[in-house]
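K.L.:
If you follow the hints, you should be able to join the two separate chains into one complex; please do so.
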Amino acid sequence: MMIHHAKQLTATVLSSAALLLILSPVTVGAADTTGAAAGGVGPGDSGYNLSADTTVTATANYFAATTTAGAVAKSTAEFSVLGGALELTAVPDLSFGQVNAGTILNGGDQKLTNNTVTTPSDTAKVTSKNFSANDGNSGGALVVDDLRGTGAGWNLTTQLGASFTAPDAAPLTGITLSLNAPATAQIGNADTLKLAATGIGTEAAKVVTAPSGFGIGRTSWSLTGPDAAGLHFAPQSVNVPANAIYQTDITWTLSTGA
Amino acid sequence: MRRPNGLLLLLLFILLGTGGPIVQAAAPPAGAEFYIAPIYPRNQTNLKLGYFALKVTPGQSATLSVQVQNISKTSTRTIRVSPTPATTSSSAEINYTPTGKPKDPTAQYTLNQLFSRPATVTLKPGEGKVVTFQYIIPKDGLTGQILGSIYALDETRAADSGTQFALQNHFAMAIGVLLAQDPAAQQPVTLTLRTVKPGITNHVPTILANVENQTAQLFRGMTATATVTRSGSDRVLYTKKIINGAMAPNSNFDLTIPADTHLTPGPYTLILTASAMGQVFHLRRNFTVSAAAAQQLTVAQPARTNAWAAWLTAIAAILGAMIIFWIGLLARNRKGSDHYAPKHG
Chain H
1 MMIHHAKQLT ATVLSSAALL LILSPVTVGA ADTTGAAAGG VGPGDSGYNL
51 SADTTVTATA NYFAATTTAG AVAKSTAEFS VLGGALELTA VPDLSFGQVN
101 AGTILNGGDQ KLTNNTVTTP SDTAKVTSKN FSANDGNSGG ALVVDDLRGT
151 GAGWNLTTQL GASFTAPDAA PLTGITLSLN APATAQIGNA DTLKLAATGI
201 GTEAAKVVTA PSGFGIGRTS WSLTGPDAAG LHFAPQSVNV PANAIYQTDI
251 TWTLSTGA
Chain S
1001 MRRPNGLLLL LLFILLGTGG PIVQAAAPPA GAEFYIAPIY PRNQTNLKLG
1051 YFALKVTPGQ SATLSVQVQN ISKTSTRTIR VSPTPATTSS SAEINYTPTG
1101 KPKDPTAQYT LNQLFSRPAT VTLKPGEGKV VTFQYIIPKD GLTGQILGSI
1151 YALDETRAAD SGTQFALQNH FAMAIGVLLA QDPAAQQPVT LTLRTVKPGI
1201 TNHVPTILAN VENQTAQLFR GMTATATVTR SGSDRVLYTK KIINGAMAPN
1251 SNFDLTIPAD THLTPGPYTL ILTASAMGQV FHLRRNFTVS AAAAQQLTVA
1301 QPARTNAWAA WLTAIAAILG AMIIFWIGLL ARNRKGSDHY APKHG
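Chains as they are written, first to last, in this note's numbering: chain H, 1 to 258; chain S, 1001 to 1345.
Extracted from the complex, chain S is given alone in its bound form (with noise of 0.2 Å):
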């Protein structure tokens, strides 16, 4: 991450004018091509939640079974359907989507542990097929839930339209999976802080407070306030808050909450205040910004103000050249005037 230089840039802009890189979007399907839809076992406990709410006991083996329909009419649709673990979004957000984010410490299993394998269907035309997946519950058993989805992913590659094409539509379906020996208990959660640390998120400098559920108990409509101070200062840095977030059984989050390039080495503070499930919790934590990770977010920050910059170190240059010629040309008048003097004396 090199920082730009104000001068090339100058330069760019005049090269390029007003007309930049072209940013566009792909000619995709119209919509997704395809649907799945649940199929209910026996073990569902409401039919009509639109997801898969299993009961589930010990050492059980079963199988669970969507429908995948490839609906165009014209062309074969090969998609793939994946038991995949549900994670905790950095927005508060249970996702049910792949992310290849590691097991949570506190996780006995994740969904795709106990699933068989992905399988991959090629669907012609109009046509529908059902996959089945196998499940073993551990013998051992669960506590509390596993949550996670069938999820199912158009793999079919798009007609490559030239090279105009900037946003290249993609379609997924995902139906949510919750596994419970007793699907109707509540467990009283726990939340912890796990890491608390200067970072960087989409070119921003961020501070990263990894909040973790360490229950099997997924829950919703979690308020979540968090500040930064200086340690040993009440005066608010930087805040952020989260209204009706949700949180996956057994994950891990980093909320992160934007610092501007004020971020400076030294000890901070951060408090949060979250409350779920009709508890509150106070957490804490101090961490360092260390010199080197406080140079690091700046360089990583291009200043927003290059343009201004090059303009300025124009202008700043054409005036230094001007103050330097004038001093020489005062030097040469009083060399001149020394020259002289000595006639009026």
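Chain H with its partners taken away, still in its complex shape (with noise of 0.2 Å):
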């Protein structure tokens, strides 16, 4: 609310310096002066921001400014390497496979089946995309790719939707996900990197960690066989209907951070 009034106000303010400009050019700068201090009223107002602008500007360099990395040879001849990024490669698909309504109505847990997204008996519901783009996923690869040139460290976090929801169906909350596989990791020790955690619920959850000097270059995790990955259910106390199929979103979020 503050911050829409604020921007009401600047916007006035604005107006008002354009009205000045069309009067008389002398009074512009003035005009100017009383725009900051408006966007100045009151200390510790919430409106700083206003008079602050997000810009985006086009690159033409693939690699332009992502970091200042340079790597010195030990060699005569030196050489210094353009710093990559910090990427996602790879998540895998999760099947959970058919659930037991016991399971989801009284709680209890669904590992994982398989990688392979199961495709619907009348296959012209399946759009050729997800048989042509997604052949990555179906081997259960999670691929964290650290191209910095850094070794600054990185986390990983998993976060479920607010609910598995069905068409014509009462969501079901209280469901949790847990995924856990040993690392291999390029470079140094991957018993750090292990993917472990429990209770992934809507809140994000860090699933690795990768603490400075570990996770340089590729970090991977192959999600296959039953204990890679769980669902556990809460007991339920709604009613589920018969070959319902549930929904969620999952948000993977490769993040660097203090």
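Simulated from the structure, these hints should not be mistaken for laboratory data.
Backbone N, C-alpha and C fix where the C-beta goes; we use that ideal spot for every residue, glycine too.
There's no promise every hint is true.
As the list claims (entries may be wrong) - Just a few of them, taken from the derived set where beta-carbon distance is under 7 Å, the chain S residues facing chain H:
no. : residue
1   : 1037
2   : 1095
3   : 1096
4   : 1097
5   : 1116
6   : 1117
7   : 1171
8   : 1173
9   : 1174
P.N.:
Next comes the structure, spelled out in structure tokens:
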């Protein structure tokens, strides 16, 4: 509300400035000063950001301005490495197959069945994109590439949507995800990068932490086999229609931070 | 939240057999089709951190840029880039993703208050753009640290691939932003308990102890042990331990202590012992579970033994019917014997 109000204020100031501009160019400077002062009305005003703009500009070069990392070889010939980026290269499909209604209603666990998304019997329903573009997903591979060359570390968090929903059925809540898989690291000790998290729910939960000096280059996990992932169902107090297809969002966030 | 009828459940089991609803994963892109990378400004304190750590001055107006890159060779991506305040999650981790959590009352400012608005960028295959945010540090300056992130979420609609999918993958990246006037300064932190109350987490009765970091200082390596007893008793009923926890500056989180169904009404005491940044905090709070709350907690948790209950109900009903029948028979026999008794007399 405050922000909105302050925006209006700024708009008013700006339009007055424009008016002044039309009336008398000489007063433009003064009008600008008034605008700045108006922007700063009251200490601690949350409207500080209102004079600020977010801009988007194009870059020409693919790797431009990503990092400032430079490496120097030990040989007499020096070269510098243009730093790459930190990327979440692959995320697997997690299929939990047919879940017993009893598991959903009374609570229980469902293990990962496979990484292949079952195609509906009516193949016309499936767009070709899902067949052609996603071959990499069915192998259960989770891959993070850190090509920054700084070894600064990173975190991977996972978060489920608010509820599992199905058409014409009450939403299911209280379902949590667990992930468990050893890591394969290109450089250094992989044990630190083990994927181990239980109770992943609607709040972002850290599933992998790469401390400084870890997770450099490619780090991968193979989410295959029943123990790699599981859904835990809390008892539900709603009716679960037979053969309902429940769906929720899963957000994978690759982050760096203090 | 109604308790499911046992017989209805039994009926469901018969109807469904073992085949139930299908929970499956979506067919997303193979991975994130984009990345964001920091473009360090001049006030960045360390170029090797991988996140923004900025030395700021009161009244300063400056910019902060990230490169947003589409790495897909085939698809156009739409990425929303937002300055986001850091919060603390219930597992005592610093959370750089948007939560909708209200600003902690002890926070002077949150990151998004100082930064310009979120931007949405559309990128053609292989295209990169620089998103520049403007931020203004209040004239009065900042006390301690402000923590948050530049959070980028791929909002590109995934192809809808029928109805057989359950886990729809979404991809985001967050680059931390730490603002401080004196980046080297470390303030002693103050931890407090704001509220302690019974609640429900993932359909399980819990005790929620809201722990607050009142200081504009992030910290890691926190250990905390919470125990719950009946007031006046030494017997620990429920306990929860946190190892290597972390908290964002001026933030709070609900330390979740799982309780079981025996959370009966009455007075309880929670004791929290936490150590962070070389300081130890002994915090204690009495709280009451009201009869109504206890009732609610019980109702919220459907009996895990519903299938059993259904069978037991059925068996009991059959036994009951048999007993009634037997009593009826007995009574009739008795009547009969009464009737014929005189003959023997």
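K.L.:
What are the numbers of the hints the structure violates, in ascending order?
P.N.:
Result: no hint breaks.
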